Structure formats: C-alpha cells, structure tokens
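**Student:** The opening position of the sequence shown corresponds to residue -10 in my numbering, with each subsequent residue numbered one higher.
It is possible that part of the hints are untrue.
[Stated by the list, open to error] Under the rule of at most 35 Å between Cα atoms (straight-line distance), these lysine-lysine pairs were calculated in the DSBU-like manner:
no. : residue 1 : residue 2
1   : 70        : 2
2   : 2         : 23
3   : 2         : 68
4   : 23        : 68
5   : 70        : 44
[Claimed, not checked] Restraint ranges, calculated between C-beta atoms of paired labels, are given here:
no. : residue 1 : residue 2 : range
6   : 87        : 64        : 15 to 21 Å
7   : 11        : 82        : 27 to 33 Å
8   : 65        : 42        : 14 to 20 Å
9   : 33        : 82        : 26 to 32 Å
10  : 60        : 99        : 35 to 41 Å
11  : 3         : 92        : 15 to 21 Å
Please keep in mind that the hints were generated in silico from the structure rather than gathered at the bench.
All of these numbers come straight from a predicted model, not from anything done at the bench.
Yeah, the Cβ is synthetic: ideal placement off N, Cα and C, and Gly gets one too.
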Amino acid sequence: MLGALMVYDISIKPPVEVWSFILLGATTLPMHAKTCYLYGQVPTGAESTAATMLKKDRMYSVFLNGRPDDPSDSTRGYKGKFCLIATANGGQQVIPIKRDMQAWIDEICPANTPAQKGQ
C-alpha cells in the first residue's frame, strides 16, 4: 500500500524535489507493478507540493513510500530512475533507467537512445 510518493531532479546536486504527495492519516493507495500514478495528479485525500515542469535531458528519481500487502515482506519503499528525452520528431519520451545500467550509477541520461534516433 502506497503512503507517499516523491520525485527528485537528480541531474543537479544537491537533488531538488520536483513533486511529492503524502496520504494523510491511515489512508493508503493500492501499489502494484502495473499501477500508474500520473505526474502532478494528486490522489484524493493526499497533501502535495506543486508539480514542477519536467525538463528534457534530466534524470529523475522516484521514491514510493509503501509496503506490500504481504505482512512477511519487510519492504518499505521502492526507488526508480528515469530520463525525459526529446525524440527525433520533436516529442518527448520517458526512458526508464534500470539498476544494471551505468546511467543508474552516473545519474546522467544515456545518449543515443532509439527514441532520439527516430527508431
């Protein structure tokens, strides 16, 4: 169950929070691998900061403060990273950064992704 969500711009040091929300009291939201919370949309019953416009060629970190439904699982949060890049046709695309990628360690968006090449 999700209790809070925080998004940081980690392309700059120190990192800057660009959006967050926290659910008040005992309120929680379902948290599954396929659940999508849209950036800037505040769930009912949550308190939030204003969402800053995401910038291209920046790396962002997302932290989900929550726990699984399984009481034997001691996990209390999940972290992910992504880049927002410009595509060859002038659009934008989110590129997930996986833990096994060098970009995860460097905290720099990878160059020459297929979206940038127009593929």
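**Student:** Does each hint fit the structure? Answer for all of them.
**Tutor:** Hints and how they fare:
Distance hint between residue 70 and residue 2 is fulfilled; the C-alpha atoms sit about 16 Å from each other, no more than 35 Å. Only pairs whose Cα atoms come within 35 Å are accepted, and residue 2 paired with residue 23 is accepted, the gap being roughly 31 Å. Among the hinted pairs, residue 2 with residue 68 is consistent with the structure: their alpha-carbon atoms are about 18 Å apart, no more than 35 Å. Between residue 23 and residue 68 the CA atoms are separated by roughly 15 Å; this keeps the pair inside 35 Å, and the hint holds.
Pair hint residue 70 plus residue 44 holds up; C-alpha atoms about 14 Å apart against a cutoff of 35 Å. Checked against the hint of 15 to 21 Å, the C-beta distance between residue 87 and residue 64 comes to roughly 18 Å, which is consistent with it. Here the CB-CB span from residue 11 to residue 82 is close to 29 Å, well matched to the stated 27 to 33 Å. Hint check: residue 65 to residue 42, Cβ distance near 30 Å, so the stated range 14 to 20 Å is violated.
In this structure the supplied range 26 to 32 Å holds for residue 33 paired with residue 82, their Cβ-Cβ distance being about 29 Å. In this structure the supplied range 35 to 41 Å holds for residue 60 paired with residue 99, their Cβ-Cβ distance being about 39 Å. Under the hint 15 to 21 Å, the C-beta atoms of residue 3 and residue 92, about 19 Å apart, fit the expected range.
Consistency note: the structure conflicts with earlier hint 8 alone.
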